[in-house]
Every structure is written in C-alpha cells, then in structure tokens.
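A.B. asks: Here's the letter readout for the chains.
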Amino acid sequence: MTDRINDYVDGVFKPYEGAKSVAELKADLLADLHERYRDLKAEGHDDATALELTIDSIGDIEQTVREVSALSRTLERQLVTRFDGTDQTGGDFAGTTVRGGKFSGSALRGTDFSRADLTGSTFRGSDVADANFDGANLTDVTMTASDLERSSFRGATLVRTDVSTSSLLETRFAESALVDVKFRMTDLRRTVFDNCTFTGVDFSYSDLRGLDLSGAAITGVRFDRADLREVSFRGATLRDVSFRSWSRKYRNALRTVDFDGARMDKLTLAGLKGLGVDVTGVTVMER
Amino acid sequence: MSTSKVTSDLLRGNTDTMVLKLLSESDRYGYEIVKLIAERSQGAYELKEATMYSSVRRLEADGDITWYWGDESQGGRRKYFRITDKGRATYARNKSNWEYAKRVLDTLL
Numbered sequence: 137m138t139d140r141i142n143d144y145v146d147g148v149f150k151p152y153e154g155a156k157s158v159a160e161l162k163a164d165l166l167a168d169l170h171e172r173y174r175d176l177k178a179e180g181h182d183d184a185t186a187l188e189l190t191i192d193s194i195g196d197i198e199q200t201v202r203e204v205s206a207l208s209r210t211l212e213r214q215l216v217t218r219f220d221g222t223d224q225t226g227g228d229f230a231g232t233t234v235r236g237g238k239f240s241g242s243a244l245r246g247t248d249f250s251r252a253d254l255t256g257s258t259f260r261g262s263d264v265a266d267a268n269f270d271g272a273n274l275t276d277v278t279m280t281a282s283d284l285e286r287s288s289f290r291g292a293t294l295v296r297t298d299v300s301t302s303s304l305l306e307t308r309f310a311e312s313a314l315v316d317v318k319f320r321m322t323d324l325r326r327t328v329f330d331n332c333t334f335t336g337v338d339f340s341y342s343d344l345r346g347l348d349l350s351g352a353a354i355t356g357v358r359f360d361r362a363d364l365r366e367v368s369f370r371g372a373t374l375r376d377v378s379f380r381s382w383s384r385k386y387r388n389a390l391r392t393v394d395f396d397g398a399r400m401d402k403l404t405l406a407g408l409k410g411l412g413v414d415v416t417g418v419t420v421m422e423r
Numbered sequence: 002m003s004t005s006k007v008t009s010d011l012l013r014g015n016t017d018t019m020v021l022k023l024l025s026e027s028d029r030y031g032y033e034i035v036k037l038i039a040e041r042s043q044g045a046y047e048l049k050e051a052t053m054y055s056s057v058r059r060l061e062a063d064g065d066i067t068w069y070w071g072d073e074s075q076g077g078r079r080k081y082f083r084i085t086d087k088g089r090a091t092y093a094r095n096k097s098n099w100e101y102a103k104r105v106l107d108t109l110l
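Which chain is which? The protein sequence lines are A and B, in order. This note's numbering applies: residue 137 is where the first sequence begins, and numbers increase by one. This note's numbering applies: residue 2 is where the second sequence begins, and numbers increase by one.
Watch out, some of these pointers could steer you wrong.
Unchecked claim - Within a straight-line C-alpha distance of at most 20 Å, the following computed PhoX-like cross-link-like pairs (lysine-lysine) qualify:
no.: 1; chain 1: B; residue 1: K87; chain 2: B; residue 2: K36
no.: 2; chain 1: A; residue 1: K162; chain 2: B; residue 2: K80
no.: 3; chain 1: B; residue 1: K36; chain 2: A; residue 2: K162
no.: 4; chain 1: A; residue 1: K162; chain 2: B; residue 2: K49
no.: 5; chain 1: A; residue 1: K402; chain 2: A; residue 2: K150
no.: 6; chain 1: A; residue 1: K177; chain 2: B; residue 2: K36
no.: 7; chain 1: A; residue 1: K385; chain 2: B; residue 2: K49
As the list claims (entries may be wrong) - Covered, in the sense of this in silico footprint (three residues per stretch, anywhere, with C-beta under 8 Å from a C-beta of chain A), are these stretches of chain B:
no.: 8; stretch: 31 to 40
no.: 9; stretch: 48 to 55
Stated by the list, open to error - A partial selection of chain B residues facing chain A, derived with a Cβ cut-off under 10 Å:
no.: 10; residue: R83
no.: 11; residue: K87
no.: 12; residue: K103
no.: 13; residue: R104
Think of the hints as simulated: they come from the structure by calculation, not from any bench. Here the structure is a predicted model, which is why all the values come from computation and not from measurement. Beta carbons: idealized from backbone N, C-alpha and C, even for Gly.
The following block holds chain A by itself, in its conformation from the complex (with noise of 0.2 Å):
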C-alpha cells in the first residue's frame, strides 16, 4: 500500500526531476506522507481510507512544485543564452529552409519564421516569443522549456513538434492539423486553438485551465494528470481519449468540464463515467 504513495509522488514530480530544490521538496513530502500512513494505520483506519487521507493531505502540490521548477528553469535558460546563443532578436527567416537547424539558447524574440521548413530544428532553452511560424513546416522540431508567448503558428505543420516544459501564454495555433505533438507540462491556460484538430498529442501533467477545444477533433489525445478545470469539449468528437489520475483532485476537476454536445467512442465515454463525470450531453460514437 505504502508503495502507491511512492507512485503517486513519482507522478507528480517525474515532470519537473532534475533540479536541486525540487527532489529535496520531494524528498520532503513523502517522509511526511509515510509517517501521516503510519499514524492514520496505528488510529485504526484500513489501508483504503488511510491511503485516500494521506492523499488528500498533499493539497495542491503541484502548484508548490511549479513555483519551485520555474525559479531553477530560469537560471537554467539564462546560462544556455550566455554560453551558447545568438541574437538573432526580430530576425528575418521567412520562406528559408534550415532544416535541423540549432537555434537552442537563443535570443530569438519576434523572428518571423513564416514558411520557413524548420525540419528536425531545435530550439531548447530559447526566447521565441512574439515570433511568427505561420505556415512553416515544424516537424521534428524540438521547442522544449522555450519562450513561445504570444507566438503564432496559423497553419503550421505540427507533426512530432516538442513544445513541452514550454510557455504558451497566449500562443495562437489556427487551422492546423496537430499530430503526435507534446505538449507536457506546459502552460496553456490562454493558449488559443482555433479549427485545430488533435491527433496523438499528449497534454499530460499540464494545465489547461479554461481551454476552448469546442468543436475539435480529438484523436488518440492524453489528458492524463492535466488540470482539466472549466475546460471545454463542447460539441467536440473524443476518440480514445485518455483521462487518467486517481486523484480525487483531477475527478473533481473533470466535473467542471463541459461535455455537452461532444461525440465520443464507447472507450473514452466508459473511462468518464468511471470516474464520475455527467455524460447526459453526449452521443455515442459507433466505431
């Protein structure tokens, strides 16, 4: 049982591994957890409830987790942009073709990237902010713990594009067919997803609240461990769609989701009934 208050720590955290300060507050919470296991067992709780108390105790830890990560992932970035970047702020590389380019550590603030085939590129660590990649062809491309604020991707080719660990704010995608993209742990509270369609992208562990993804398309999509509140899937088409976590957070979350309308296979409807969710707005999809 003390084994499943291990997982869930690890579930928690696997994101955000690597920095100092993160694997001690992890280290941490889980001696505290185990000794509150212990305490709630020798009260005579069986191992279910003292387990589902010992959860709960946790709040919202993710939110500790995320002040802790975004303090070391800024260090981190600045160091990258003084070793290893260039300038190449407000930059003009529309229409070029750089495939596998290195761009990661760089400065590369309002570049218009538009139509350019960026193919297999990697932008790690860098600021793309207010950049423009409409149009341009991103397969392959790895934009990990990158500044992409305010971004535009209208019509862009989004196949195995990495944007996790990245911030989205404001980021605009439009009329894009999105396929086998990551977006981890990534920001998306006012990320804007306009005539998208979502095939085998991975949202898991981020926070989604609030998103608009009404109407989409979602295929083979993973909502595992996302912070899903007051999203919504208005008139939306689910296939195998992937809402995992047993916390109880997450299921209290999904109850703030709007459903109405959407079109859904048989697999996800079962997984949302499971855990809780009002389905009475939604139609079942013959495969």
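Fit chain B to the supplied structure of chain A, relying on the hints for placement.
C.D. replies: Same frame as chain A, but now just chain B:
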C-alpha cells in the same frame, strides 16, 4: 460553501504566522508542523502539505527561518526548521497586527 471558503482563506492567510509560532517554541520538521496545527485547532484547520511547504520556502527566502538536517533514523533524514531572530521579530509584529485587527473587526462586525 462561501462561508467555509472565506474562513479557510482567512486561516490560510495566517499560515506563515502559525508556522513561526510553532517554531518559536521548538525546532520542528514538516509533518510535525501540519500535525500540530490540526491538533491545536482540534481538526478545524487542516494545513495541507503544499501550503506548509510553500510557507516555509517563503519564510526561508525572507530570512525568518533556517533549516538543518536532523539525524533521525525512522523515515530517513528529516529537515528541521529553526526560527531566526528576524523571524521572532516578524512573529511578534504579525501577532500584534492581528490583535489590533481583531479589536477593530470586533467593533465593526
């Protein structure tokens, strides 16, 4: 629902002072802090682990507390928190601010 939300926000807003009070009595580790707060409030306020660690991080950054490794065997090494002189001054100031606010609120509510 809104009553409990207001109450819990009011309590949470005083977390730093609660932690300083506990540390002014003795050095303590994380779980001890949340446990003592539940005990002393007779279960009326359950401080979450996340809120507590967020508070000690803040207090540490402000120089109100420091920490050191204890040498306990059960459950591995424990991080003990200790109040600084600055922390004692912060506690005294917060406490008197609260006494003042309480008097004012009592005349208004």
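A.B. asks: State for each hint whether it applies.
C.D. replies: Hint by hint, here is what the structure shows:
no.	hint	verdict
1	B:K87 <-> B:K36	25 Å, violated
2	A:K162 <-> B:K80	12 Å, holds
3	B:K36 <-> A:K162	19 Å, holds
4	A:K162 <-> B:K49	15 Å, holds
5	A:K402 <-> A:K150	30 Å, violated
6	A:K177 <-> B:K36	15 Å, holds
7	A:K385 <-> B:K49	13 Å, holds
8	31 to 40	holds (count 4)
9	48 to 55	holds (count 6)
10	R83	15 Å, violated
11	K87	22 Å, violated
12	K103	27 Å, violated
13	R104	32 Å, violated
Violated hints, listed in ascending order, are 1, 5, 10, 11, 12, 13; each of the other numbered hints is respected by the structure.
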